[in-house]
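Enquirer: Go ahead and model the full structure; you've got the sequences and the hints to work with.
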Amino acid sequence: MPISLTVNGKPTTVDVPPEMPLLWVLRDVLNLKGTKFGCGIAQCGACTVHLAGAPVRSCGIPVSAVSGMSITTIEGLSATGSHPVQKAWEQLDVAQCGYCQAGQIMTAVALLRTKKNPTDADIDAAMQNICRCGTYNRIRDAIRLAARGAAAGATSVGAPGDDSDGEA
Amino acid sequence: MTPSLQSDRRSFLQVLAVVGGGVMFGVHAHDAEAGEVAHGAAPFEPNAFIRISSDNRITLIAKNPEEGQGVKQSLPMIICEELDADWSQVTVEQALSDESKYGRQFAGGSLSTPMNYDNHRRLGAAARAMLVAAAAKTWNVPAAELTTARAQVSHNASGRRSTYGQLAATAATLPVPDLATVTLKDPKTFRLLGKRVPGVDNRKIVTGKPLFGIDVMVPGMLHAVFEKSPVFGAKVVSANLATIRRQPGVKHVFIVEGVGTALDGLMPGVAIVADTWYNAKTAREKLQVKWADHPTARQSTEWFAQTAKELSARPADRVVRKDGDVDAAFAAAAKVVEAEYFYPFISHATLEPQNCTAHFNDGKLEIWAPTQMPQPGRELVSKTMGIAPQDITIHLTRIGGGFGRRLKNDYMAEAAWIAREAGVPVKLVWTREDDMRHGHYRPAGFHFLKGAVDASGKLVAWKNRVVVEPYMRIGEFPGRYIANYLLETSTLTHGIPTGALRAPGSNGIAFAIQGFIDELAHAAGKDPLQFRLDLLTPAVPSVEGDAFSAERMRGVLELVREKSGWGTRTLAKGRGLGVAFHFSHRGYFAEVVEASVSARGEVKVHKAWVAGDVGSQITNLSGAENQCQGSCIDGVSAALGQEITITDGRAVQGNFDAYPLLRMARSFPVEVHFRITDNPPSGMGEPALPPVIPALCNAIFAATGKRIRSLPIGDQLG
Chain V
13 MPISLTVNGK
23 PTTVDVPPEM
33 PLLWVLRDVL
43 NLKGTKFGCG
53 IAQCGACTVH
63 LAGAPVRSCG
73 IPVSAVSGMS
83 ITTIEGLSAT
93 GSHPVQKAWE
103 QLDVAQCGYC
113 QAGQIMTAVA
123 LLRTKKNPTD
133 ADIDAAMQNI
143 CRCGTYNRIR
153 DAIRLAARGA
163 AAGATSVGAP
173 GDDSDGEA
Chain C
141 MTPSLQSDRR
151 SFLQVLAVVG
161 GGVMFGVHAH
171 DAEAGEVAHG
181 AAPFEPNAFI
191 RISSDNRITL
201 IAKNPEEGQG
211 VKQSLPMIIC
221 EELDADWSQV
231 TVEQALSDES
241 KYGRQFAGGS
251 LSTPMNYDNH
261 RRLGAAARAM
271 LVAAAAKTWN
281 VPAAELTTAR
291 AQVSHNASGR
301 RSTYGQLAAT
311 AATLPVPDLA
321 TVTLKDPKTF
331 RLLGKRVPGV
341 DNRKIVTGKP
351 LFGIDVMVPG
361 MLHAVFEKSP
371 VFGAKVVSAN
381 LATIRRQPGV
391 KHVFIVEGVG
401 TALDGLMPGV
411 AIVADTWYNA
421 KTAREKLQVK
431 WADHPTARQS
441 TEWFAQTAKE
451 LSARPADRVV
461 RKDGDVDAAF
471 AAAAKVVEAE
481 YFYPFISHAT
491 LEPQNCTAHF
501 NDGKLEIWAP
511 TQMPQPGREL
521 VSKTMGIAPQ
531 DITIHLTRIG
541 GGFGRRLKND
551 YMAEAAWIAR
561 EAGVPVKLVW
571 TREDDMRHGH
581 YRPAGFHFLK
591 GAVDASGKLV
601 AWKNRVVVEP
611 YMRIGEFPGR
621 YIANYLLETS
631 TLTHGIPTGA
641 LRAPGSNGIA
651 FAIQGFIDEL
661 AHAAGKDPLQ
671 FRLDLLTPAV
681 PSVEGDAFSA
691 ERMRGVLELV
701 REKSGWGTRT
711 LAKGRGLGVA
721 FHFSHRGYFA
731 EVVEASVSAR
741 GEVKVHKAWV
751 AGDVGSQITN
761 LSGAENQCQG
771 SCIDGVSAAL
781 GQEITITDGR
791 AVQGNFDAYP
801 LLRMARSFPV
811 EVHFRITDNP
821 PSGMGEPALP
831 PVIPALCNAI
841 FAATGKRIRS
851 LPIGDQLG
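Line by line, the protein sequences give chains V and C. Whatever position you read off the first sequence (first residue = 1), add 12 for our numbering. Whatever position you read off the second sequence (first residue = 1), add 140 for our numbering.
Keep in mind the hints are simulated off the structure, nothing from the lab. Keep in mind that a hint or two might mislead.
Simulated coverage check for chain C against chain V, where a stretch passes if three residues somewhere in it have a Cβ under 8 angstroms from a Cβ of chain V [claimed, not checked]:
#, segment
1, 353 to 360
2, 366 to 375
Now the stretches of chain C that chain V is said to cover, found in silico as 3 or more residues with beta-carbon under 8 angstroms [unchecked claim]:
#, segment
3, 484 to 494
4, 531 to 544
5, 567 to 575
6, 794 to 807
Capping the alpha-carbon separation at 27 angstroms, the derived lysine-lysine pairs in BS3-like fashion look like this [stated by the list, open to error]:
#, chain 1, residue 1, chain 2, residue 2
7, V, K22, C, K344
8, C, K747, V, K127
9, V, K22, C, K349
10, C, K744, V, K127
No residue lacks a Cβ here, since even glycine has one placed at the ideal position from N, Cα and C.
Expert: Put into structure tokens, the structure is as follows:
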């Protein structure tokens, strides 16, 4: 069944079973491998993408439920890593294995859109993604660093490469 | 020209002929005899670990699998330091699995640093010496007048300078120095090692580039799932294959008989191959399999506990160490304490589920695998399928978490077998439930402990009966530090697959031993940290097979005492401090945890302090600190809620809803300090983990008076 979506700003039509989770449409039909499979039951958050700007777990969403909607994946945040959250992650050397980090970054970007200067409690509440390697100290620091960057007016957290999908 | 080649005891430089006519100058470590030498016209590529192009592009090869331990930057950094290249301009390339070129390639035992540190320095130094000699020859000046920095050789007296690229063609014609005697830098002059260096794949990680095994795409590839018996190793009697064959997208469905009865090879099951993984998995939901009866179905968590208890009352299978007379010492002691400690099976729960891609074509296999142990993987596939090892190519992908799970290669054997049956390239991806219910679990362990202190509070007797698997090493502290000491084991044979999980053995043993030492410290009325220092004094000389150094352990204990403010600051109400130490993987770690417990029994860790001694040199400070922080989070995560229980021979927990991993809200700051000592550098992937679990449990005791003797902590404090 053809289903139309906008993925990273580009209108796309996929012909797949309507129950196919968005995660597998992204990974195996659209070949966007940045969004990861971790649990399949919306527990770990490795599959987090933005749906109309809000973070969602794509492994639990049938593609038919997002027909006509706008989706941003890690690849759509910026191709070159220029987004302030990506830069903070890189600068603080957050990753160990790196498998969860696309989901962590997508969740953090969404948090910083709603809370420009999140408290520790805001970070605790928003960042529900599992990092099996335990990089939480650095994830927290990277969120603060990205927030400070935005607060200092150096860059806009919601910005680069991001506005084409209508999220920012 | 024939460079003189002298072999040291394990490795030497070898100059190799390039197929196709070029020349490589080779810093090429392996154990073979001296190789042939050939040379010809430029261009050339230096080989094995270092490649320098005439336009000064420098590529360093990362030999071992990267699973998040940071070895993809740390080993090339060692070469780069001695080579005097500019790290920011260096390209790091992951090696293929090729023992003949790179020697043993694996990620395990925190061994990458100790096994490669010295050798990688020599590889870099030898290449640098050749480049310096090339400049000396070109400029006709003494090599001693030349200096190197940022991939350039300079002659300060004349102001001449050349990039390594400009010198590479000449360097390739020069004799290769003997690795054993090549001049190394004074570590005081290191420019790169010891600094915080970000991971080489960071940009790709933050932009979502395909790096991991699960991201592999091969033209014409199909997708597979594989259903195995919930009771480990049971064979397939029958399955509704015809029904599955009719499901959308399904291309192949077949029974795999399995090879042998080992639990870490090709186990029996049913393979479904489809156009998408979603279709394969959806078809599997209709799969009905009748499994053969299997003796493991009679085993359960309760059976384990009962059997361990029975074994503890019988004579031991093996006395590991016996000093003095424990029974006489118990009879004469001022205070005797007895306790039983237990830790459960736990899953590695790597966030990237097990997966592998394989392509069988014309009798040869090409494999893309997130494996920690590619060379044994090749042997397993070779034996399982009757394909010669040299006909199996293994590409090493980045690994989405290893923790020891991917020391096993069961997924590799499965993917290879299914791909040959299917006749096309196949990517096999396990579901989370497959992963959690078909692990090679950290073995459960039972410790039956008895200890005693004399009237002065000195620990005078210690008895530990351990009921574990025979493979576990129990030559641990406090042996040799207590006059009357007995360590003995009983073997519990069972059918649950087990394997190494981060700091194997130590991750459970430290919990039992450091918890029980704490109990004895309180029985003696001593400060738990001082009690440990006293126990380590005087130091006992190291013996063959036991390198433990009490001086180094005292050093980190003193350091963590200072950094955590142990005994010198007033804690907030309801909080307690716990301390523990452990020696594993050549590393000395002492850790303090500050924790409290809510009225509902929920544990809150406020902070952890780590003091570590891994020798004279931290390779990458950023990676080392990250490993310490991650180890503490990992240990606390396991201690709080993780357990695989067994019912009727099946693992019960299947996903993160039943097997909780610690998340941000329960995470805590981890402060890391290193004590630099004059010892060979050792690895960082594991040794920071074992002490954090007993430090947490000891902190809970300090805060509440409740002693945790069984993991996970779960709702024991409610």
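Enquirer: So, for every hint listed, does it hold in this structure?
Expert: Evaluated hints:
1. 353 to 360: holds (count 3)
2. 366 to 375: That given contact is violated, which follows from only 0 residues of the segment 366 to 375 of chain C lying within Cβ reach (below 8 angstroms) of chain V.
3. 484 to 494: Since 5 is at least three, the answer is holds.
4. 531 to 544: With 6 residues closer than 8 angstroms to chain V, the segment 531 to 544 of chain C meets the three-residue bar; holds.
5. 567 to 575: Our answer is that it holds, as 3 residues pass the Cβ test (under 8 angstroms) against chain V, meeting three.
6. 794 to 807: n = 9 at 8 angstroms, threshold three: holds.
7. K22(V) x K344(C): 22 angstroms, holds
8. K747(C) x K127(V): Holds, because 26 angstroms separates the two Cα atoms, which is no more than 27 angstroms.
9. K22(V) x K349(C): At roughly 19 angstroms apart (the allowed maximum being 27 angstroms), K349(C) and K22(V) satisfy the hint.
10. K744(C) x K127(V): At roughly 26 angstroms apart (the allowed maximum being 27 angstroms), K127(V) and K744(C) satisfy the hint.
When held up to the earlier numbered hints, the structure conflicts with hint 2 and nothing else.
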